[in-house]
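> So the protein lines, in turn, are chains D and V.
Residue numbers for the first sequence follow the numbering used here, beginning at 63 and rising by one.
Residue numbers for the second sequence follow the numbering used here, beginning at 63 and rising by one.
Where chains are identical, the list cannot tell them apart; a pair therefore holds if satisfied intra-copy or between any two copies.
Here are the simulated lysine-lysine pairs, DSS-like style, with alpha carbons at most 25 Å apart:
{"hint": "1", "residue 1": "K95", "residue 2": "K290"}
{"hint": "2", "residue 1": "K95", "residue 2": "K291"}
{"hint": "3", "residue 1": "K303", "residue 2": "K253"}
{"hint": "4", "residue 1": "K95", "residue 2": "K303"}
{"hint": "5", "residue 1": "K118", "residue 2": "K129"}
{"hint": "6", "residue 1": "K303", "residue 2": "K94"}
{"hint": "7", "residue 1": "K348", "residue 2": "K94"}
{"hint": "8", "residue 1": "K94", "residue 2": "K291"}
{"hint": "9", "residue 1": "K94", "residue 2": "K290"}
{"hint": "10", "residue 1": "K137", "residue 2": "K154"}
{"hint": "11", "residue 1": "K348", "residue 2": "K95"}
{"hint": "12", "residue 1": "K154", "residue 2": "K94"}
{"hint": "13", "residue 1": "K348", "residue 2": "K118"}
{"hint": "14", "residue 1": "K137", "residue 2": "K348"}
{"hint": "15", "residue 1": "K118", "residue 2": "K290"}
Since the hints were made in silico from the structure, they are not lab data.
Protein chains: 2
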Amino acid sequence: MSEVGAIVNQINRVAIVGGTHGNEFTGAYLVKKFNQFPDLIAKPNFETVTLLANPKAFAVGRRYIEKDLNRCFLKQELQNQTLESYEELQAKSIQNILASSAKKVDFILDLHSTTANMGLTIILVNNHSFNLKLAAYLNYINPLVKVYRCSFQSFEENPFLNALCELGFAIEVGPVAQGVLKSTLFQQTEKLVHEILDYLERFNQGEIPSTNETLIMYQHLSVVDYPKKEDGAIFGMIHPKLQDRDYQALNPGDPIFLTFDDETIFYQGKSTVWPIFINEAAYYEKGIAMCLTQKLRVNL
Amino acid sequence: MSEVGAIVNQINRVAIVGGTHGNEFTGAYLVKKFNQFPDLIAKPNFETVTLLANPKAFAVGRRYIEKDLNRCFLKQELQNQTLESYEELQAKSIQNILASSAKKVDFILDLHSTTANMGLTIILVNNHSFNLKLAAYLNYINPLVKVYRCSFQSFEENPFLNALCELGFAIEVGPVAQGVLKSTLFQQTEKLVHEILDYLERFNQGEIPSTNETLIMYQHLSVVDYPKKEDGAIFGMIHPKLQDRDYQALNPGDPIFLTFDDETIFYQGKSTVWPIFINEAAYYEKGIAMCLTQKLRVNL
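Bound-form chain D, shown alone (with noise of 0.2 Å):
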């Protein structure tokens, strides 16, 4: 893999985001914490910020009001002046807190959750190195920590907020249910914010801690839908075997899907792949029942 990026030399302003989907509460919440207890997120060295992104969602505990805030980031949408949805006003104005060149933020942090069984996941939108170097070391430090790359190979491509910057990454705690604060989930969650901050903070003092040399990475290849009939009804649901297999193995001819009449079906791929994402509740209006990936060893 090819690192790309500029060279960064100091990171002055970073955002933590909570609260882009409503009915994630566990980023929703830790926002709050920080904008409580401010000296908990205070840094001698770059200015930190914090955001609720979809304060309507939140109120009513939906993951959004009109349509998904986290795919309203694409730059020809943010300049597209007849989008006028509650969320695509509302990245707008994100935008305009975050992006524009008056308080322009170096480092956008993004807090989600997820009904699967992702434990600390990373998801980075683009291969810049000083992303790449972060990820390995949460990973190095706290072997749990996981990275996916999701699939966009361009900025122009990236819906996301995260598109808002160009180093950060969104940060994905699961098993969870949505409306629901799970303490262990918000403890890591919130250690995990500390971690990228001190790492950040001594970055900004010519320290970068060490990490591994290589980084293990499941890169998205696909997504997979639930077993659908043709009015779009579906007929099937996660297998007994797949359910919160999340980072593991599957290989042609495992069990992916059960029928609601006890039919198993089998992965059909011809390659061993590793599914993440598996039963997520706000994929179900996606036609998403999981993201497959492939694992690769990455040479930083």
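We have chain D already, so just place chain V on it with the hints.
Same frame as chain D, but now just chain V:
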């Protein structure tokens, strides 16, 4: 405990209801399965009907559109012509379908799911001896089945769909996130439905299956809200040591909440209680972090 209820001679018509809450997929998809394969619930000596209770909420994957449907069945509200929200009208329509004299059902099974670790729970809304004996039978053949008696003392206090019929109860299964199908729980719930239908069939044949002579029942005592500030904002979550410990003894001095600034809040009650519905997503808006019960041994 005194047994109550008129003598039951014959069950003629049974309703299996799912999707009373639109984001509780287990029951909704079981109803769809039974609609597709009606032979599964066909019995020689009674009729079985199915009902997807809140189709609009199910279509958008939300608990309800305007108002929790399972709080719309108070007798005086069903008779109140001025109540016209979607769910209030739907409740009247369901009353007409299930409880009008022409096609009145004798038994209602209402299928729910929860984010709490409640396994398979029978929720009794009255002390009718028929319901108690059936619950005892289900616990006898599967000791993992728990029986919860909620707080209603009389028919007039009960706003649940099960208020439409003296016989029957709700089944609550978990843990499962809202908007998700978990195949293991789907299968366990279906098995329980079949065990109930088999019992009703044998009851009609005069062969009442044998049961234990006593029943362990978790009797509702009170609800506990999350720790909240004066403005109503939550400042703590279920303690890691209480999470997932539904139906386990909670003693005075045991941890119940962890505040966002890492302080433990201990249970201040004077006697042992058995919490259930711990961290149920839908109950955040109701101000319920858990329900406390007492564990009773009931002679049948």
